[in-house]
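A.B. asks: Each chain, written out:
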Amino acid sequence: MTTSLLDVENLSIGYHTGNGIHLAVDNVSFHVERGGSLGLVGESGCGKTTIGMAIMGLLPPNAGVVSGHIRFEGEDLTTVDDSRMRKIRWRRISMIFQAAMNALNPVQRVQAQVAEAIITHEPELSRHAVAHRTRSLFKLVKIPEDRLRDYPHQFSGGMRQRVIIAMALACNPSLIIADEPTTALDVIVQNQILKAIGMFQKEKNIGMIFISHDIAVVSDVCTHIGVMYEGSLVEMGRKEEVFYCPGHPYTRLLIESLLTLSDEPADLSEVSCVIAPQGITGDGGCSFNETCSDASAACRNEKVGWVELSDTHRVRCNLAGKEVEG
Amino acid sequence: MKTPVSMLTMSDVTKVYRVKDSLLGGAGRDVVALDRFSMTINAGEIYGLVGESGSGKTTVSRLIVGLEPADGGDIRFDGTKVMGLKGRRRKNFTKQVQVIFQDPYQSLNTHFSIFETVCEPLVIHGIGDRQFRRARVCEILDTTGLTPPETYLNRYPHQLSGGQRQRVAIARAMVLEPRFLIADEPTSMLDALISFQIFRLLNHLRESFGVAILFITHSLAAARNLCDRVGVLYRGQLVEQGTAEETIMNPLHPYTKALLDAHPRFGSSRQKAYGVLRETERPIPDVDHCPFYPRCNPAMDNICNESTPTLKYLDSGRKVSCFLF
Chain G
2 MTTSLLDVEN LSIGYHTGNG IHLAVDNVSF HVERGGSLGL VGESGCGKTT IGMAIMGLLP
62 PNAGVVSGHI RFEGEDLTTV DDSRMRKIRW RRISMIFQAA MNALNPVQRV QAQVAEAIIT
122 HEPELSRHAV AHRTRSLFKL VKIPEDRLRD YPHQFSGGMR QRVIIAMALA CNPSLIIADE
182 PTTALDVIVQ NQILKAIGMF QKEKNIGMIF ISHDIAVVSD VCTHIGVMYE GSLVEMGRKE
242 EVFYCPGHPY TRLLIESLLT LSDEPADLSE VSCVIAPQGI TGDGGCSFNE TCSDASAACR
302 NEKVGWVELS DTHRVRCNLA GKEVEG
Chain S
3 MKTPVSMLTM SDVTKVYRVK DSLLGGAGRD VVALDRFSMT INAGEIYGLV GESGSGKTTV
63 SRLIVGLEPA DGGDIRFDGT KVMGLKGRRR KNFTKQVQVI FQDPYQSLNT HFSIFETVCE
123 PLVIHGIGDR QFRRARVCEI LDTTGLTPPE TYLNRYPHQL SGGQRQRVAI ARAMVLEPRF
183 LIADEPTSML DALISFQIFR LLNHLRESFG VAILFITHSL AAARNLCDRV GVLYRGQLVE
243 QGTAEETIMN PLHPYTKALL DAHPRFGSSR QKAYGVLRET ERPIPDVDHC PFYPRCNPAM
303 DNICNESTPT LKYLDSGRKV SCFLF
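So the sequence lines, in the order shown, correspond to chains G and S.
With the working numbering, you'll find the first sequence wraps up at 327, consecutive numbering, no jumps.
With the working numbering, you'll find the second sequence wraps up at 327, consecutive numbering, no jumps.
In isolation and in its complexed conformation, chain S is listed as follows (with noise of 0.2 Å):
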């Protein structure tokens, strides 16, 4: 196998987010949604972002494609800062990195067929004649399994199903031939049969294209079965990070394994549950402290909540972030 060259690199970034306490004023709160983030993302490999909701994992998107500002670090595709590009360099970028966002029922403009939504980007950066755009978009929705695509051209998002209107949004991410695409939840809207025709989709898209993908998911079973690379993220913190196989069949932090053990257990070979999951919390200490300690059964006091882990390498190429390794 080649050595993987590295795409997309973001390290130590940080974002907090302010909240307004009240109405009649008083010291807002900080929320610190991601915490000294560091990953990288190769070219053409599918890298699976995994953690429950409002562990940050949607922040890292919006981080990368400039939607928000990071508060500290540094994010870099291709060797050159995200952060701060403008002009036609902006929109070098931005030809390169695409979305598919979770909720196609909203992503999609309701008033564009579905050719003008798949066409836009083509207009926006100026690609080609009418004659070479309608090509183009027949061409990406017939890979995108929406055959055969003069009969989309003229629907309405309203007219198609929730998988249609997924593949629609992948289709418009694809149109510019990106060389990064980033899935936001692609599934979670959608039921299983269609999910798992969307996996095969994106699949597809990494094989015949060498696109990468960040894949952002709260499921680790399709993390599994899709990802080259995992990373768990808990409470903006990187807990856990190596290939999908290891980190699933064998995981090292005791949130992957309350992860794990929260998974429906139907078709699932592993019987034994790692029961690191507390019944009741514990309280939150004052000084600094491992995120998941309140959570955390097999926590050792005096440690895991006086001080923060860090990210430890291990010998195999896995990362964790915990006091017990």
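Okay, chain G solo, but in the shape it has when bound (with noise of 0.2 Å):
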């Protein structure tokens, strides 16, 4: 077996309603390499955060995972305890939460909040040791020294998360999840904020897991990309091979429907119709058969595997491979 930091296997995850158990995350399998970068894409409600709340161990009360394995550095965090996982968490797998900027604390220096997260999960550092390390770490992401002392709201949206970015690097973890970190942020901020975390990533060889609904976002940050459909994932895959060939229809769709600054501009000129589906089909069938032009009597019904379309690109649908589209 390889030793990948991590593997997800089968992994199911299920919200507790009214009316049962609502998968939220159906059977996704992945695994993430030491310095290696996963993109998961997917429109909102496709489990993205889902997954990343599993990782971390911060699933709702109301959520729990049904079935599967997460196999972080060869031990499986859906069967440790919680004290265990309170030493993991931060430590070993940090996480860039949405929007976490305006989570700072208003009324506690930056600095400050950082040396917090560090003294919290390393108790056994010296003062000095930890005000050296949060030093290097706003150096890192590139945050002036004579502004360590500043409040957040004296920090602009893209400098605030720069310190949530510092937080989360200030355990120095293996593994880091960001959840659409940039997504409050405008086009030049966002970009520095990607350039800033590709810098780290690289640098520290920390495996991560991207999420966001925006593909162009991570291509610009990932090696491989997950795409995820209604709580599935339905193509994987490196970079190149889910951009230049997507096997997956859903995929199609989703680099179609990116606007790009391309020579030739999109043809807006027809209206679509597409409406959203309507949840989980549960028997098997293909989610994506209400919404795709393609789809058969046999996508309906049939259980859809997986194709293998290399070694490393593989796609979930039941006509990938067998006919090549104009």
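Honestly, I wouldn't trust all of these hints.
[Unchecked claim] Result set (BS3-like, lysine-lysine): computed pairs, CA atoms no more than 30 Å apart in a straight line:
(1) G/K143 / G/K196
(2) S/K93 / S/K83
(3) G/K143 / G/K88
(4) S/K259 / G/K203
(5) G/K240 / G/K205
(6) G/K140 / G/K88
(7) G/K240 / S/K314
(8) G/K196 / S/K314
(9) S/K259 / G/K140
(10) G/K304 / G/K205
(11) G/K240 / G/K196
(12) G/K240 / G/K203
(13) S/K259 / G/K143
(14) G/K205 / G/K88
(15) S/K259 / S/K314
[Unchecked claim] Where chain G lies over chain S, by a calculated footprint (3+ residues, C-beta under 8 Å):
(16) 61 to 67
(17) 189 to 199
(18) 256 to 262
No lab work stands behind these hints: they were computed from the structure.
In this text the structure is predicted, and so the values were computed from the model without any measurement.
Beta carbons: idealized from backbone N, C-alpha and C, even for Gly.
Join these two chains into a complex; the hints should help.
C.D. replies: Written out as structure tokens, the structure reads:
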């Protein structure tokens, strides 16, 4: 067996609702290498964040892992107890939460907030060591030293997001989960933050799961891409493979709908009335069949399996590889 | 092509927000949200206003519809001053100018059904009887892609997805058949796929009803694909304006170039970077200076840091506010 940094195997996560268990993540498998980066792309509600939360052991009380394993450095995170999880969380796996920059304590200096993250998780460190590490973290995320004693309200959105990144890196984790870290920021700041994330990720050889709904952003930072739809992973492969020969109709739709700065503007002339599908089919059929233009009766009723397009590229579509689209 | 008929003109519009300094008194600080901003939107065109957050894009839309008064300058719609409109004339103006807001999760009243939401403008303007209104609401829901419309009438916003809600917001704006629509970042809360559909819908509305649209966005890619002309706004000043094609394929102002550099690379045929953004910002000079000077790499000392550039008209019909041209 390979010793990946993170191995997620057949993971299913359900939310308990009034009508029984609702599967938010359905039989998802992927792995992340040390120093590798995986981008999870999909629309809102497809289960991206739920996976991140499950890895962090932070699922809400009404949710739970139904089946499958999350192996992190050989240890199964679905079976460890809370106290062990607390040791792993932040020291070994940390997370950049969505819009976390708004969660900074407004009445505490940013320096103290980052130091607190270090002290909480590594209480054995001396005050001097904590201060030293805080300074080097701020240097890494390019916040000038004279701003360390500022309060969050004196920082712009991008600067606050840098503080959050510094905090996520505070205990030298080997895996970092970035959940839409740039969604609330505008393009120039987003680009700077993405560069910062890419840099420390390579420099410190950290594994990364980058969660985003923007396939273009993911392509900028990640080496591998997983596309999620309605709780299932539908396509997985190296960035170039997924982008230049997408195998799943949903991935194709995502890439086609991406507005780019290319020479030819996209065709906006016809009105599309695609209505969002009505939840997981549940009978084993492909969950995308309602939107897919090529769907046949088989797609509705038969179980979809993975089709390997190459060693690193797999697609969960019965039609993949069978016909070449024009 | 016909000569363009200007519909909305803003000339030298200035808006200053006064920020109260602290509870303990002390001098307040002035924040200039718009600085002598001028823009013309022609009938039936889609004009894209691009800029980063805080550049004053939303202020433009708020001033046009009169949610706030301008501190200087002139805003005219069909030649009539917008500021100070009252009574019937004001109502007639609001009938022609409608807004779609950024966040469809907040802009819809959660206690109103979709029918009530879309019908409300008709009620306010006293248009039609019950039967007519119902037919009109169904018609516009159908146009905006909420089909079949009857199934949506009695639903509430919480039963709809983000994209559906934004379609409801668009239906509400279009129900009065306005001539001018302001779309303030209508897709920033939505997924790429849904955004694409909303863009298509806006384009469809323009083509079928001839409505002019002011499209406010921070995405140059969206502006490139949807708009006829774009204006780039930086710290309250219009720094560049031209056709979407020209401005994005061949930008002039360093800030426009910086925006293009920051755009995710995928799918772009343009590989080279302009590299106009400085790694470390220059200190802000005390005297009047170009607003982009602290972040601008090609800026010229002794010129850019000592006076403010004005908008120059180039031969090609483009406008740029930069000393380099």
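A.B. asks: Indicate, hint by hint, whether the structure satisfies it.
C.D. replies: Results for each hint:
1. For the hint linking G/K143 to G/K196, the alpha-carbon distance of about 11 Å falls within 30 Å, and the restraint holds.
2. Distance restraint check for S/K93 and S/K83: the Cα-Cα separation of roughly 14 Å lies within the 30 Å cut-off, and the hinted pair is therefore satisfied.
3. Between G/K143 and G/K88, the direct Cα distance comes to roughly 28 Å. Compliance with the 30 Å bound is thereby established for this hinted pair.
4. The suggested pairing of S/K259 with G/K203 holds, with an alpha-carbon distance near 28 Å, which does not exceed 30 Å.
5. Taking the CA atoms of G/K240 and G/K205, the gap is about 21 Å. The hint holds against a cut of 30 Å.
6. For the given pair, G/K140 sits about 26 Å from G/K88 by alpha-carbon distance, which is consistent with the 30 Å threshold.
7. Taking the CA atoms of G/K240 and S/K314, the gap is near 44 Å; set against the 30 Å cutoff, the hint is violated.
8. Between G/K196 and S/K314, the direct Cα distance comes to roughly 35 Å. Violation of the 30 Å bound is thereby established for this hinted pair.
9. With a CA separation close to 28 Å, the supplied pair S/K259 and G/K140 stays within the 30 Å bound.
10. For the proposed pair G/K304 and G/K205, the alpha carbon gap of about 42 Å is over 30 Å, so the pair is violated.
11. Restraint check: the Cα-Cα separation between G/K240 and G/K196 comes to about 17 Å, which is no more than 30 Å; the hinted pair holds.
12. Between G/K240 and G/K203, the direct Cα distance comes to roughly 17 Å. Compliance with the 30 Å bound is thereby established for this hinted pair.
13. For the given pair, S/K259 sits about 23 Å from G/K143 by alpha-carbon distance, which is consistent with the 30 Å threshold.
14. Only pairs whose Cα atoms come within 30 Å are accepted, and G/K205 paired with G/K88 is accepted, the gap being roughly 20 Å.
15. Restraint check: the Cα-Cα separation between S/K259 and S/K314 comes to about 18 Å, which is no more than 30 Å; the hinted pair holds.
16. Evaluation of the coverage hint for the segment 61 to 67 of chain S: breached, as 0 residues show C-beta separations to chain G shorter than 8 Å, against a requirement of three.
17. Here the segment 189 to 199 of chain S counts 7 residues with a CB under 8 Å from a CB of chain G, which clears the bar of 3, and the coverage holds.
18. A stretch counts as covered by a chain when three or more of its residues have a beta carbon under 8 Å from one of that chain; for the segment 256 to 262 of chain S and chain G the count is 3, and the coverage holds.
Against the hints set out earlier in the document, violations occur for numbers 7, 8, 10, 16.
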